[in-house]
Every structure is written in C-alpha cells, then in structure tokens.
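Asker: Okay, here's what each chain looks like letter by letter:
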Amino acid sequence: MTDDNSRPLIQMVKVDKFFGSFQALRNIDLEVQKGERIVICGPSGSGKSTLIRCINRLEKHNAGEIIIDGIELTDKVEDIDAVRREVGMVFQNFNLFPHMTIVKNLMIAQQLVRKTSKDESRKLAMRYLERVKIPEQADKYPIQLSGGQQQRVAIARALCMEPEIILFDEPTSALDPEMINEVLDVMVDLAKEGMTMICVTHEMGFARSVADRIIFMDEGEIVEQAEPAAFFDNPKSERTRAFLDQILSH
Amino acid sequence: MEVLTGWWDDYLWGAVIVAKVFAASLLLMVLFGLIGAAAKLSDNRVAQKIANGYTVIFRGTPEILVILLLYFGSAIVLTAIAQVFDPDIRFVDVPPFWAGTIAIALIVGSYATETFRGAFLGVKPGSIEAARALGMSPLQTFIYIRIPEMWRIALPPFGNHMLSLVKDTALISIIGLNETLFVAKQAITVTGKPFTMYIVVGIIYLGFSSLITLSVMGIEKFGNRTTVGAR
Ligand SMILES: Nc1ncnc2c1ncn2[C@@H]1O[C@H](COP(=O)(O)OP(=O)(O)OP(=O)(O)O)[C@@H](O)[C@H]1O
Ligand SMILES: [Mg+2]
Numbered sequence: 002m003t004d005d006n007s008r009p010l011i012q013m014v015k016v017d018k019f020f021g022s023f024q025a026l027r028n029i030d031l032e033v034q035k036g037e038r039i040v041i042c043g044p045s046g047s048g049k050s051t052l053i054r055c056i057n058r059l060e061k062h063n064a065g066e067i068i069i070d071g072i073e074l075t076d077k078v079e080d081i082d083a084v085r086r087e088v089g090m091v092f093q094n095f096n097l098f099p100h101m102t103i104v105k106n107l108m109i110a111q112q113l114v115r116k117t118s119k120d121e122s123r124k125l126a127m128r129y130l131e132r133v134k135i136p137e138q139a140d141k142y143p144i145q146l147s148g149g150q151q152q153r154v155a156i157a158r159a160l161c162m163e164p165e166i167i168l169f170d171e172p173t174s175a176l177d178p179e180m181i182n183e184v185l186d187v188m189v190d191l192a193k194e195g196m197t198m199i200c201v202t203h204e205m206g207f208a209r210s211v212a213d214r215i216i217f218m219d220e221g222e223i224v225e226q227a228e229p230a231a232f233f234d235n236p237k238s239e240r241t242r243a244f245l246d247q248i249l250s251h
Numbered sequence: 090m091e092v093l094t095g096w097w098d099d100y101l102w103g104a105v106i107v108a109k110v111f112a113a114s115l116l117l118m119v120l121f122g123l124i125g126a127a128a129k130l131s132d133n134r135v136a137q138k139i140a141n142g143y144t145v146i147f148r149g150t151p152e153i154l155v156i157l158l159l160y161f162g163s164a165i166v167l168t169a170i171a172q173v174f175d176p177d178i179r180f181v182d183v184p185p186f187w188a189g190t191i192a193i194a195l196i197v198g199s200y201a202t203e204t205f206r207g208a209f210l211g212v213k214p215g216s217i218e219a220a221r222a223l224g225m226s227p228l229q230t231f232i233y234i235r236i237p238e239m240w241r242i243a244l245p246p247f248g249n250h251m252l253s254l255v256k257d258t259a260l261i262s263i264i265g266l267n268e269t270l271f272v273a274k275q276a277i278t279v280t281g282k283p284f285t286m287y288i289v290v291g292i293i294y295l296g297f298s299s300l301i302t303l304s305v306m307g308i309e310k311f312g313n314r315t316t317v318g319a320r
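Top line first, the protein sequences correspond to chains A and B. Quick note: my numbering has the first sequence finishing at residue 251, numbered continuously throughout. Quick note: my numbering has the second sequence finishing at residue 320, numbered continuously throughout.
Hint data in this document are derived by calculation from the structure and do not stem from the laboratory. Glycine residues also receive a C-beta, built at the ideal position from the N, C-alpha and C atoms. Among the hints, a few may not be true.
Chain A regions said to be covered by chain B (calculated; three or more residues, Cβ under 8 Å) [as the list claims (entries may be wrong)]:
hint, region
1, 77-90
2, 103-113
Calculated lysine-lysine pairs in the DSSO-like style (CA-CA distance at most 27 Å, straight line) [stated by the list, open to error]:
hint, chain 1, residue 1, chain 2, residue 2
3, B, K310, A, K141
4, B, K213, A, K141
5, B, K213, B, K109
6, A, K77, A, K35
7, A, K61, A, K77
8, A, K61, B, K213
9, B, K213, A, K105
10, A, K105, B, K310
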C-alpha cells in the first residue's frame, strides 16, 4: 500500500481465537516483514492452520489485532476483500474447482475479482502454468492430474492473483512421497524470488534450507521462534525438543 | 386394435394434458424445493420449523389423499371467500388441472427440498474456501462454484422426482382431470375392454418416463465429463 519499509507486512497483536469454549489460539504475537519466509510447525491440533486462516479471515479472531499491509481485519467487508487480494493461500487438499479445466481454475478469480479480460487472464494463467512446469495440462480437469500436479496448479492459481503474501497449509502432506519434491521445488523457487511466505509444514529439510524463521506452536501458543540453525541445534523449550525428537526420528 | 378406433384423439389430448401437468408441476416443484431447502438451511428458526412441517406432512401422507384434500379444501375456501363478495354464489369450482398440479408439485417438492438441501451440503467446503480465499464474493462463490457442483450432485435424485411427477399425473384423474387414465375409464364403459384400454395408458406413460430418463442420462454424462468421464 505504502512504501514504508520498516512496517511489517503482517502484524498480529495478542490474538485469541475460540471455537465455542475451546481456545485454539492464545495471545499470538507475530510480525512478518516483507520478503520473510516463515515455517510453522507443531503437533496436530496446536493451532497452526487456525493461525494462518485468521490471516486471510477464513477464521475470525475473537480478540487482539491483525493488520495486513496496514489494513486492519475487522468485520468491514471491503477490508477483508482488500486483504484477500494481497494474500494467496495453498491448501493441503489443493481445493481446485473440480468442474473447471485447469486453465479455467486459474482464470476465474482473475476475471471476477480483478476484472481482468478473458484474454489477459488466460495469458497470465498460461505464464504461471509454465512457471510450475505443466502448461500442457491446461485443458484437462483436476481429477486427471496427479496430486503433485494438482498442488502445483493450486500454487499457480494463487500466484495469478499476484499476491504480496502466500500462506501454505501443509501443502505436501496429502502427497505421495515421490511427488513431494516437485511441489517443494516450486516453493523454493518462489522463496528465491523474494515472495513473503508463511508455510505450515513438517518438511524439515525445506524448513532448514528456506526459512528465515521457524515457529513452534503447541496448544494454541507460539512456544518458540528462531532461525533454523538455532531452532534445530539448540531449541530452548522442552516442548520443542520433544517435538523435534519425535519427528526427526521418523 | 379395432376397439381403439375413435379413441385415438382422446388419448392424444390426454397425453397433451399429461405433458402440460408435467411442465407446470415441474416448475412449481423446483420452486417449492428451493424455498424448502433455503428455509431448512437458513438460521431462522421459524422458517426451519415450517419447512420441517412441510416435508413431514407431504412425505408422510398418501399422495391421492393430498390431491383430494387440496381439491375439496380449496373449493371450500374459495367458495367462502367468493360468498363474501357475492352471497348468491353456491359453489366455486376449482379447476382440477390446477388443484392437481399444485398438489403433486407440493408432494414431490417436499422430496426435492431434501435433495436440494443435501446437494448444498454435499459441495466440498474446500472449493468454497478456495474461492473465498481468492477474493470471490459470497454471491460469486455461490454462482460460479456452488451451483455448478450442486446440480451435479442433485441430478440423479432429481431425475427420480421428475418420474414421480409424471406418474402422479395419473392420480389426478380421480378429481376429473381428463388425462389418459381418465380417457381409458370412459373408453372402458363404452367398449368393455379394460385390458386394452389400460395398456394404451401404460404405453403412453412409459413413453414419457423413457424420455425423461434418457434426458437425465444425457445431462448426467455431460456433467460427469469433468469427473468420472475424464479419468
Ligand atoms: N471449525 C472448528 N470448530 C471447532 N474446533 C476447531 C475448528 N477448527 C479447528 N478446531 C480445533 O482447534 C484446534 C486447532 O486446530 P488446527 O486445525 O488449527 O490445528 P493444526 O495445528 O493445524 O493441526 P493439524 O496438524 O492436525 O492440521 C484443534 O483442537 C481443532 O480441533
Ligand atoms: Mg492444520
């Protein structure tokens, strides 16, 4: 929005989130600078998905402030729309639109949300399909593609909206092992290009080589955050250590 | 076959009436089904209750009884209303076409309510979330994502609802609608050949239902090209 470089792109201040009486997020403070790459990990049910889903308002937080590129998330629909234009999201289960061809999947939101012409949106769609290396699949339907290909399409679909930030919610955990790398490769490329990324993942190799910062969550709290080297080699919290022992032993 | 001479045109007009009842009741059935489903899915308690009452009553009562009650009931009500304006009126005749059409549309609409509701809930939440995350508005998401997925889910049961409508048309003969079964009864009193006359009715209804079944199969194939057919 503005070129104030010192201001974080994402600011979460004392954010709480409840599902009924169950508290899924507790007092979350988080700042993400433009171009930063964050990896979030933690046990199942610790609130990782909930945290990133609050950032694009797929979940509504109950207390605290979330400010994205200077826009505070409230009930104001225009603000939510503005934030969603800046924030792309990639889901665990790809969530492609099953009744549309691949290229249509990439065009529909461009046409409806950004009011791009049909020709322009097709051009951009093809450009991003080439970037994720599957332009030849453009006229197929999602079900005809492998999981890895579908996830690459989902990434391309998010990129077509030219977002400032991309959120990834366990993008490789629904994939067969031999397809994980093709998706991680695309994500590494994005990171190299300077995209601001928040990535929930248990791919620790990816985290170590790509992340600027790793966040460990447990029971709705941010327990620890550190650079990869410090995080893996010298975790401060007992809970982090127990978690790392468990997933690295597999 | 000779006994049928002279009855062909009556059967033809009967068939035209079946087609008319089908067309009108189809429109109304979709309307009732959509309203019922919207009410059941809404947050409004009263609307939910009314829609629940509607489906319980119309799915739990014999269809022929619904037709009779609606026909005589509406006649009583309309007569009472008419007498307010003109006390000399004895009895208002409700056209059997409309009483019957509305009755079967209400009956089958109660099944369609459940079909449409199920189809709405059957759309994967993932698609909807993806659309919202891409910045599409609730209305855009509904039109471009939910409806295209919904009709594919609803189509097979909807085909059955259309068959019910056609078959229920025959029940309307009981209140004097001159569709094919009604024609057959008249023909039988003249010719004394019930089997032949009823077989003709059967063939006509079978023709209608085959047409519906084939159309639904065609549309289903078109819809499935993106899923099963595409594999
Ligand atoms: N819509 C919801 N309604 C009720 N409870 C929910 C809802 N969504 C999440 N929760 C609960 O909130 C907690 C955090 O869920 P969340 O999905 O954020 O965990 P997670 O860290 O992403 O776990 P996973 O690794 O299994 O994806 C869980 O206990 C979950 O059961
Ligand atoms: Mg999760």
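Asker: Next step is simple, just say for each hint if it's right about the structure.
Answerer: Evaluated hints:
no., hint, verdict
1, 77-90, "holds (count 6)"
2, 103-113, "holds (count 3)"
3, K310(B) / K141(A), "holds, 17 Å"
4, K213(B) / K141(A), "holds, 20 Å"
5, K213(B) / K109(B), "violated, 37 Å"
6, K77(A) / K35(A), "holds, 24 Å"
7, K61(A) / K77(A), "holds, 12 Å"
8, K61(A) / K213(B), "holds, 20 Å"
9, K213(B) / K105(A), "holds, 19 Å"
10, K105(A) / K310(B), "holds, 20 Å"
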